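Participant: Read off the chains here:
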Amino acid sequence: MSTLAVHDHGVESHDHDHEHHHHDTFLTKYVFSQDHKMIAKQFLITGITMAFIAMTLSILFRIQLAYPDKTFPLLHTLLGRFAPEGRIDPNFYMSLVTIHGTIMVFFVLTAGLSGTFSNLLIPLQLGARDMASPFLNMLSYWAFFLASVIMLSSFFVQKGPASGGWTIYPPLSALPKAMPGSGEGMTLWLISMVLFVASSLMGGINYVSTVLNMRTKGMDLWKMPLTIWAFFLTAILGVLSFPVLVAGVVLLIFDRSFGTSFYLSEIVVQGQVMPFEGGSPILFEHLFWFLGHPEVYIVIMPALGISSEIISTNSRKPIFGYHAMVYSLIGISVLSFIVWGHHMFVTGMNPFLGGVFMITTLIIAVPSAVKTFNYLATLWRGNIRFTPAMLFAIGLVSFFISGGLTGLFLGNAALDINLHDTYFVVAHFHLVMGSAAIFGMLAGVYHWFPKMFGRLMDEKLGYLHFWLTFIGAYLVFFPMHFMGLDGVPRRYYAFTEFPSMARWLSVNVFITWAAIMSGVAQIAFLFNFVYSIFWGKKTTQNPWGSNTLEWTAPVEHLHGNWPGEIPTVYRWPYDYSKPGHHEDFIPQTVPYSETMSSNLSHDFEDNEAGLEAFKKWQIANPPREEVK
Amino acid sequence: MIMAQIQQEDKLDLAPKKFNMWLFIFTSFMFFAALTSGFIVYSGGSGKGIKIILPHAFMYSTAVIIISSVTLFIASRAAKQLQFEKQRLFLWLTAILGIAFLAIQIYAWVLLVNMKVYLVNSNASQSFIYMFTGMHLLHVIAGLGLLFRALSGSYKNIPQVKNLFRMEFAGIFWHFIDIIWIYLYVFLLLNQY
Ligand code: HEM
Ligand SMILES: [Cu+2]
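Taken in order, these protein sequences are the chains called A and B.
My numbering numbers the first residue of the first sequence as 14 and each following residue consecutively.
My numbering numbers the first residue of the second sequence as 320 and each following residue consecutively.
None of these hints come from the bench; they were simulated from the model.
Incorrect hints may have been included.
[Unchecked claim] Here are the simulated DSBU-like pairs of lysine-lysine, each with C-alpha atoms no more than 30 Å apart in a straight line:
id	chain 1	residue 1	chain 2	residue 2
1	A	Lys230	B	Lys481
2	A	Lys190	B	Lys336
3	A	Lys42	B	Lys481
4	B	Lys475	B	Lys336
5	A	Lys230	B	Lys475
6	B	Lys367	A	Lys236
7	B	Lys336	A	Lys236
8	A	Lys551	A	Lys190
Here the structure is a predicted model, which means the values were calculated and not measured.
Using the sequences and the accompanying hints, generate a full structural model.
Facilitator: Here it is, written out as structure tokens:
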């Protein structure tokens with residue numbers, strides 16, 4: 014008996030073949046869809062669109078950095094008042110940096126990443142017909158869509174978008190008169206982010222609830238693929254940390270609009286003494302980073318989960334240290350709530366407190382290292398298939414290592430005095446978060462494209478895309494470490510005008526061209542993506558020879574995922590190249606009774622009857638002598 | 320037979336929705352935890368406390384919301400025992416007590432203003448009183464919405480599984496609101512001087 018809950022107002026029973034299925038109109042199928050697979054695609058396409066917009070913004074400010082005293086009439090044509098006489102306006106430069114960061118962190122790597130893959134994979138890999146609440150799921154997408162539109166609309170207000178950086182620290186952000194970007198642009202930013210948080214919470218609540226309540230028969234927690242573990246813990250982080258941001262933002266809104274003094278203290282703006290008294294801007298930093306640090310793990314953990322799955326599948330080897338992977342994800346999740354102070358070492362915090370945050374921060378490196386070693390051990394002597402997805406997953410590991418190492422320097426409260434707010438930080442988080450998470454997301458797109466669209470993406474273009482992006486990202490971000498060590502501050506409009514930093518101009522030019530190259534490389538992806546949706550090669554049901562449940566569902570999308578009964582699960586998802594089996598993979602739906610020749614005693618750990626049957630079988634079929 | 324099957328499926332389907340409510344409660348809890356932590360950071364850093372005796376009105380509102388939890392509990396039990404008249408009566412009582420709570424909180428604001436304790440204040444500890452109560456009132460309004468949804472369901476004679484589900488859904492949230500208020504009130508009391 015299979016049942017579908019497709020409407021919020023009721024429950025419908027269906028028989029196996031879905032014959033009397035309700036009819037979808039265009040609007041309910043493509044627009045206000047409540048089907049998790051369609052919602053996943055909506056998130057993906059919106060996410061990709063936002064990513065391209067944010068990337069374009071970054072190219073614009075890179076041009077400014079490389080050519081601070083050249084004029085480009087084209088820029089004036091494109092940007093109008095934001096680039097008078099063909100040079101980007103300093104205030105607009107700040108807006109570009111701010112909106113680039115905001116869109117990338119929240120709209121692409123949070124909503125675009127979790128929204129796409131949690132929606133697609135949680136029901137499919139767990140064997141559920143849909144999410145716990147499909148209606149809430151739909152609301153989640155539309156709140157996200159609205160948030161995106163509002164965020165972008167801030168480019169069309171007179172004074173331009175918010176410009177206080179993605180962390181919107183007060184007092185700058187709390188005083189509408191402080192600079193153009195603190196005016197309407199900031200208001201729109203806040204409205205957009207409130208909607209965004211609502212969307213994330215609705216999504217996250219749904220993911221957690223689905224994972225805990227709707228797994229198919231046999232799918233106990235320790236048989237879940239690592240993707241699901243990652244999405245699950247990510248959702249928990251979101252559910253616990255986003256409300257804190259809301260609290261911070263609510264207080265900020267009161268300071269901005271009603272004149273309270275939570276964050277603002279005695280201050281003079283443009284020669285005018287403001288009425289505020291006694292507030293504490295540090296309070297905002299606490300509230301912001303209590304979300305902000307878990308947020309960076311909200312960004313990276315789904316990417317880590319995705320690459321576990323892809324690396325194991327394409328190495329044709331069981332994931333190394335499955336339990337260790339899960340425990341490190343749990344460890345990272347717990348620790349991520351007690352390290353936020355490492356963003357605030359130089360706020361004048363008590364050095365003892367700084368020491369505490371330093372220790373917790375450095376402890377996080379342990380589970381992170383466990384994960385990287387496990388990836389490497391999985392790859393070790395694997396029978397590797399270098400699909401584009403696999404390359405991107407390996408790329409993630411590379412970036413996670415090289416960016417994670419610099420975290421150790423920053424996490425040191427004494428070293429951070431020099432490094433804080435320099436390009437060293439920019440290099441750190443663009444490698445460990447920006448590049449790694451984007452690579453995880455792209456790996457996921459290449460890998461699950463056949464599941465989403467029923468067709469394969471072109472491999473050649475995939476390789477081109479990978480190598481240009483991989484090399485480009487290192488060329489862009491690696492030199493920034495050296496600038497940071499030299500003390501070059503971040504978020505400066507034209508730092509090369511200072512004599513002491515003038516020598517970095519040539520590096521800036523180099524970085525800008527590397528960025529343009531990697532930007533152009535994304536066109537290969539975009540073309541591949543769009544082309545393959547319509548004209549790509551048709552896929553088979555299980556193109557990668559994968560074990561997880563989503564590949565047991567038919568290629569054509571059904572409302573309810575499986576035409577008949579939901580498959581039952583008998584084993585963990587990583588039985589690749591199991592000795593004694595005739596194929597190099599055994600899907601989760603194959604019971605042990607069908608794979609006698611490859612069973613091991615520990616497959617029957619808590620299954621007495623099975624173990625006995627297996628022992629009998631072993632006696633009846635003694636292993637043949639090896640012929641040397 | 321078919322009825323029984325559908326009911327069983329119903330349960331399967333409603334359980335995750337109820338679970339969603341529990342998760343939402345966690346988010347709300349974190350929200351208030353953040354506000355109160357913000358208060359601690361602020362008052363600890365600035366050395367400014369609330370520095371007033373809270374109006375007694377808060378004591379009355381606390382009593383009212385606790386009683387409303389009791390009446391809601393009685394309504395739920397009545398619903399389980401198929402005494403729908405009683406269920407409706409006590410739901411109404413709960414809703415009225417909820418509205419009374421709302422009114423008393425607003426009255427307390429008036430009292431605060433009369434004491435010259437304003438929202439816009441150079442001592443943000445005092446502004447925090449408004450934030451706590453105001454944000455809590457938003458939750459109360461949402462809770463009233465759920466109560467009325469349960470009421471309307473009961474009047475429309477929706478199936479008993481659903482009726483119970485709506486009751487439970489509203490119940491979980493309402494008791495949570497009650498507990499959060501007690502937490503906030505005790506927190507304020509402990510910090511009033
Ligand atoms: C080995 C583990 C890590 C350590 C010890 C570490 C440490 C740090 C420290 C101390 C800072 C603050 C630097 C400063 O502002 O002066 C920082 C910044 C940052 N980290 Fe990490 N980090 C680690 C891993 C990660 C990961 C995995 C991510 C994301 C996926 C990440 C994302 C960020 C971001 C976005 C910032 C900059 C925020 C901003 O100021 O705009 N870090 N990291
Ligand atoms: Cu951090």
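Participant: Which earlier hints turn out false for this structure, listed by number in ascending order?
Facilitator: 2, 5, 6, 8
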